[in-house]
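Read off the chains here:
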Amino acid sequence: MAGVESFDEFVLARGAALLRFAYLLTRDAGRAEDLVQDALLKTHRRWDAVVRADRPDAYVRRIVVNDFLSWRRRRSSREVTGAVPETVVSDAADRLAERDLLWRVLATLPPRQRAVLVLRYYEDLTDPQIADVLGCALGTVRSLTSRALAALRVDPAWADNAPTVLTVEEP
Amino acid sequence: MTDLEHLLRDTLTVHGNDAPDASGLLAGVHQRRRQRHRRRVQAGAALTAVTTVAALVTAGMLLTSHRQPSTVGNSTTTPAPAPTTSGTTPTSAGVPAGTQAVSLAGVEVFVPKAWKLNDERCGTPIADTAINDNGRVIPTCLIMQPHRLTVVRIERLSTSFGTLRASVATTTTTVDGQPARRGTGVLAQLLAPITSLVLPKQGVVVSVESPDPAAIQQILDSVRVVSVDANGCATAMPLFTVRGHPETLNSRLQVPASATTAVICRYSATTLAQSTPLTTSQRGTLAGILNALSVGVSHIKANSTMVTSSCADSAARGFVVQFAYPGKAALRIFVRIEGCGALFASDGTHTTKLNEQLIETLVGISGYDGNTPGPGQLQ
Chain G
0 MAGVESFDEF
10 VLARGAALLR
20 FAYLLTRDAG
30 RAEDLVQDAL
40 LKTHRRWDAV
50 VRADRPDAYV
60 RRIVVNDFLS
70 WRRRRSSREV
80 TGAVPETVVS
90 DAADRLAERD
100 LLWRVLATLP
110 PRQRAVLVLR
120 YYEDLTDPQI
130 ADVLGCALGT
140 VRSLTSRALA
150 ALRVDPAWAD
160 NAPTVLTVEE
170 P
Chain E
0 MTDLEHLLRD
10 TLTVHGNDAP
20 DASGLLAGVH
30 QRRRQRHRRR
40 VQAGAALTAV
50 TTVAALVTAG
60 MLLTSHRQPS
70 TVGNSTTTPA
80 PAPTTSGTTP
90 TSAGVPAGTQ
100 AVSLAGVEVF
110 VPKAWKLNDE
120 RCGTPIADTA
130 INDNGRVIPT
140 CLIMQPHRLT
150 VVRIERLSTS
160 FGTLRASVAT
170 TTTTVDGQPA
180 RRGTGVLAQL
190 LAPITSLVLP
200 KQGVVVSVES
210 PDPAAIQQIL
220 DSVRVVSVDA
230 NGCATAMPLF
240 TVRGHPETLN
250 SRLQVPASAT
260 TAVICRYSAT
270 TLAQSTPLTT
280 SQRGTLAGIL
290 NALSVGVSHI
300 KANSTMVTSS
310 CADSAARGFV
320 VQFAYPGKAA
330 LRIFVRIEGC
340 GALFASDGTH
350 TTKLNEQLIE
360 TLVGISGYDG
370 NTPGPGQLQ
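One line per chain: the protein sequences are G and E, in this order. Just so you know, we're using numbering that gives the first Met the number 0 here: the first sequence kicks off at 0 and counts up by one. Just so you know, we're using numbering that gives the first Met the number 0 here: the second sequence kicks off at 0 and counts up by one.
For reference, chain E alone in the conformation it holds in the complex (with noise of 0.2 Å):
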């Protein structure tokens, strides 16, 4: 070998170790893959892809449904609790004309019906939109913000760009009750002048940039802090508890076809982080698939290398689907697709297995991109 060929061997193998981390490939493998995989299967089974309504947060919540079977000493399963509310904020007043609400941790602002939300490529806005940054998981590239869009963000405060957007609010206001901050300000960082409306009690910060200064004014205006969302969601996780081996119970989930309405909730760090109404077809759809799963429960196959989060952090997440019936409670049935110990689907009285159906289609109506189990990873 030459000395040309030996430099050559020796400026590769240097400049190789320049090459990005490796730590989030198979993450973002997957949430291609699962992003490909929805549209498939929205297209096929012509669920009308319904761009989620962001959600809230507040609250103390528990969940014991993470328990493991051994642990556990009767074999009874309790319904759910209602939800623990604080009791000074209001149930959503419904959405007002022409908008669509966003929200996030128990603080909603209405936007334009007509936007798209979460209209963005890689965490940058590319139409007028409100951007629910709750945890997504944002791909990297380099995308120029057209001119003049009026953006909406509504993004937890303990988050470095929400603390970065909250720096502008400093004049003290009050949001139903609720101490708050707002503020214009123009951040370096990024460039456009910001209007921050922040709620430290809540841990949110929506904030506006946009060229017309009635508009500013018209969104923040429309912001509250509630207990229930404009969809029927609680904001704060609802108690679940499961005391009894899940498996000893040996039957299937009921769900009447027979819902005017349907919503998803899905929650994380125990409050709200979106809610997601269906469509009939979606609703349909959704019973037909939670009425077909096997009783049981569901692990993570021990051969899987799907890396699982903690214990703590996955408890304190989950979908609910609500189906409302007329004249009748709502009927809550709480999924765990995601984290350490049983997965599962119950109502608090019957409780079954996961299938791959069920997954994908939470996360394709949701547009979750949480690390959850794929194909064969079941058992």
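In isolation and in its complexed conformation, chain G is listed as follows (with noise of 0.2 Å):
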């Protein structure tokens, strides 16, 4: 990254931008301020090597989606998420309630399919990035997004509305 000068600064500069990155991964904040931290904590051990490759952003970008997956793993597979209320909003209209349903469904993708939305739709990378950051190929990239959108396409609960409750996270 052009123009930064020391590790404080890019800190100060991108924290935030970190942190709702981690977030929309983690769903927790605890648990993204754990990730920002323990990335910034190893980049800034080769904060000069990340510098003078000019990229700390995608540097600790790509420290926060690798630990994010490596303790996604370490979780039980058995593990119940967050489940969509039994009652769900009958007007599609309503954006508010749109989005509420469709950040729940997300919940519920494998992360690496998450992972590969919020590069996409929220950090606004290219698949080539994705998959640099992902440390994948670029089939790999397309392969998970199509898979993730059609995922969402077909949840009952984002398709149609039905009453849904949704348990198991990962596959």
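All the given hints hold, so there is nothing to weed out.
Ranges of calculated distance between the beta carbons of each label pair, as one might list FRET restraints: (1) E:A26 / G:R54: 23 to 29 Å; (2) G:R51 / E:T162: 47 to 53 Å; (3) G:D53 / E:Q253: 43 to 49 Å.
Simulated from the structure, these hints should not be mistaken for lab results. Just so you know, even glycine gets a beta-carbon here, dropped at the ideal spot from N, CA and C.
Mind assembling these two chains? They're in different frames, but the hints should get you there.
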């Protein structure tokens, strides 16, 4: 990142955005803080090299995503997550309700699919950039994106507002 | 872009605003960095981690060491006068056998020596312990407190939890002639019943939660009000005046290696926040570091984004390292490692710059969590 002179400047300039990014991945404020702090701590140790590579933002984001994915893997796949309420809004034009529902359904996606969506639709990264962050092939990014969007479309809670309880998060 | 993708973007943008506030992020990172560094320093240098005995406070004090050189008239530095004390409060009479002192703002309480002090995670005790809540930075996380612990807290009345825990103390009493209040109650917010002893003049509350009533009684009965704590630190920040331009002084600190005891006294808001006695190896290490410091004063680099606190606040904070020698007056070295203006170590006659080794050693030994300069931030 051109113009970044010190680690502190970087954190002050980009900390809020990194926390938003981590929060969208984790949906948990405390976990988001932990992820970002851990990532920044790791970055601090290699700050000179990271700055020389002119890409501290991508570097930190990559650590956040990787830590998020490994953290998710460590969690039990039996874990039950937040459920979409039994009573689902009937007015599909209600943007607020739509967002709320989509936010809940997003939580049910596998972590890599959710990460791809956040990187693409929130961070506005291109597919090659997402591939770089996730450390995977371009085709994998496209596949993950496609599957994630498809899952959102067909999810009964989202697609037709049918009363649904979502339970198991991980495949 | 499809409607779903539009909605997805919209949803992520809106919920991104629910992310935690970033204002404490930098401080949190540096705190964790220092904690890790401390562990390495302590392991590598065999500096035995001495859990701190926290301290006390009262007093009015003046510290003028933060004056900018341009505002100072001559080039002499005066040694620190003796600390002002109330005259009514005793010097600590030593630590009763089997106990260790925990003190804050001139109030001292004695707890079992076997206890690890500040033995908590994220503010929640995880074993029998005494906690000195003197402005520590407490990270957030959710930890369940084990049942049937005995926990002693010494904290300032001015804090929200201090005020809360003081609210159960409704019976008037005295401690070393000082007005006090004592009482027991159950606070819904804190779940467990506590017994508190409040010393309004010192602005301190000592509270105990324990399944053992006798332990509560014994611990609170041990509370005393002192002007010098059990480790030899004055409870009021010693007056330390630098009248001259420190950079005109041209000789290094001279800390003889023959000290028999040494202690680090940390002051906050002009009162003793923490005192930490040094082991023999720590004494030697610290003396060596102090003797090697270069003459002059340090400043935070102009291009550093490190946030320094207000001058008034930082003038009321600092470390005093006291070395005791047989048959001689103690050597006291004032070390200013944070805040605005000049940062330095000085015995009143010799004034030197700081280095990272000194900062890390002081921070490592005392466990201080303040916003001290990191690598490369001093000039």
